[in-house]
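K.L.:
Here is what each chain is made of, one letter per residue.
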Amino acid sequence: MKRFCARLYVLMCVLMYVLMCAAILAGCATTPAAPPGTVVPIDAIDQAVQPGVTTRAMLLARFGATTAIRFDSGVEVWRYLITTPAGYGEYVVVFDARGVVARARRAPTVYRSPPQK
Amino acid sequence: MFIYLHHPNALIACALVLAACCNAPALAQEPQPIQSVTVSSTRDPVDKSYRKMIKGMERFEREHALAPAATLRFRLLRRISTAKMTGITLRIAGDTVTVPVPVADDNSFVLPRNEQALREDAAVLANRKTDSMTWRVSVRTPGLLDGVRRLGDLRLECKAGMDAGLISNSAPVFGWLSNLLTDTDQVCSSPEGNYLFFAERPIYGVTVRFGTRVEALPFTMLYAAGDQTAETLPYCDCQVLLERSYYAPIWDRSWPDDTLVEFDFIDDQAGKTP
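Heads up: the sequence lines are chains A and B, in that order. Counted from 1, the first sequence has number 13 at position 9 by this note's numbering; the numbering is strictly sequential. Counted from 1, the second sequence has number 585 at position 222 by this note's numbering; the numbering is strictly sequential.
It cannot be assumed that every hint is accurate.
Stated by the list, open to error - Incomplete in silico selection of chain A near chain B, CB under 10 Å:
1) ASP76
2) GLY93
3) TYR115
Stated by the list, open to error - If you want the ones that stay clear, here's a sample from chain B, every Cβ over 10 Å from chain A, calculated:
4) ARG414
5) ILE417
6) LYS418
7) THR449
8) PHE472
9) VAL511
10) GLY528
11) LEU623
Because the hints were derived from the structure by calculation, they are not lab data. Just so it is clear, CB atoms sit at the ideal spot from N, CA and C, and this is done for glycine as well.
Given these sequences and hints, build the entire structure.
P.N.:
This is how it looks when you write it as structure tokens:
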């Protein structure tokens with residue numbers, strides 16, 4: 005019986021180990037770093053984006069795919085990167101459910117988390 | 364990694380299973396009279412713990428200096444699209460005690476303190492499946508304009524919300540594990556803490572402002588970091604709230620508590636913003 009219990013204990017420990025690894029991998033899978041967006045010239049994209057006129061297909065054809073998210077409502081938000089003297093800013097485009105630009109904004113400087121002390 | 368196996372809780376879990384298994388044959392050899400057990404109610408695995416929610420309220424009182432003029436309420440938000448968010452009733456349910464909890468029209472509520480419910484480790488139950496709703500603490504300083512939050516309020520929401528055990532972001536099988544590995548101060552004081560907040564409407568942009576210092580939150584701090592997929596979204600308590608979700612720089616002490624977090628919503632005036 006002692007040997008059986010010892011084996012069972014080892015088995016339980018191995019099982020715990022596998023579960024821990026799976027949990028950590030699952031955690032990693034849900035929080036990957038956001039893929040870098042496509043870098044575009046600020047003047048070019050600012051000219052190309054016309055609310056109520058420009059479509060997803062038009063931006064895709066001209067500047068390529070970039071970081072994007074789609075909501076249940078059909079609204080999509082795309083994020084392009086723009087170069088600035090300080091590094092990178094972002095150009096954010098919101099498409100309505102029809103795939104037409106509803107709003108667009110540029111942020112030459114965005115908040116960056118300070119390094120941890 | 365191996366060190367986790369020596370976590371006291373892990374060892375206790377192993378020992379309990381082991382003891383149960385090892386005792387099984389002995390029980391089989393000596394038949395015992397059959398005992399009946401009456402179960403008056405069963406708890407949903409994600410029912411909210413009354414004790415934990417009271418702990419959240421106690422944290423609010425201890426750290427009230429973060430938001431001196433604010434009050435605390437709990438709030439229920441729609442998590443899945445089919446959830447009916449009208450006519451919600453709540454009760455505190457222990458083994459022998461039941462206390463109704465009035466729910467306001469905006470689905471917020473204040474939890475009454477009841478010593479017997481605390482002793483009985485009661486649950487806070489809604490007349491909805493608990494995982495059809497997202498539960499959050501709401502800390503609001505009065506007098507702010509619509510679409511403006513105060514960073515100190517958000518800091519306190521995180522701390523009280525974590526202590527209250529309201530976040531349910533993990534797959535159920537790993538829920539106990541996430542409890543082992545998360546800690547209120549760790550979550551609320553680290554950029555990796557990832558405590559999700561929800562705005563009132565779908566977000567277009569968020570600006571953080573204190574005096575002349577003004578910065579926009581990047582895309583990666585909106586929409587639950589913008590990297591949720593159809594596979595991962597059901598495990599995030601943001602689900603249908605995704606377009607309203609954001610991370611605030613609560614961990615960054617270079618922003619004082621009086622910093623304002625200002626929202627521009629998707630359905631505000633359409634057009635291009637310089």
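K.L.:
Run every hint past the structure and note whether it holds.
P.N.:
The hints, checked one at a time:
{"no.": "1", "hint": "ASP76", "verdict": "holds (6 Å)"}
{"no.": "2", "hint": "GLY93", "verdict": "holds (9 Å)"}
{"no.": "3", "hint": "TYR115", "verdict": "holds (4 Å)"}
{"no.": "4", "hint": "ARG414", "verdict": "holds (25 Å)"}
{"no.": "5", "hint": "ILE417", "verdict": "holds (29 Å)"}
{"no.": "6", "hint": "LYS418", "verdict": "holds (25 Å)"}
{"no.": "7", "hint": "THR449", "verdict": "holds (20 Å)"}
{"no.": "8", "hint": "PHE472", "verdict": "holds (27 Å)"}
{"no.": "9", "hint": "VAL511", "verdict": "holds (17 Å)"}
{"no.": "10", "hint": "GLY528", "verdict": "holds (18 Å)"}
{"no.": "11", "hint": "LEU623", "verdict": "holds (14 Å)"}
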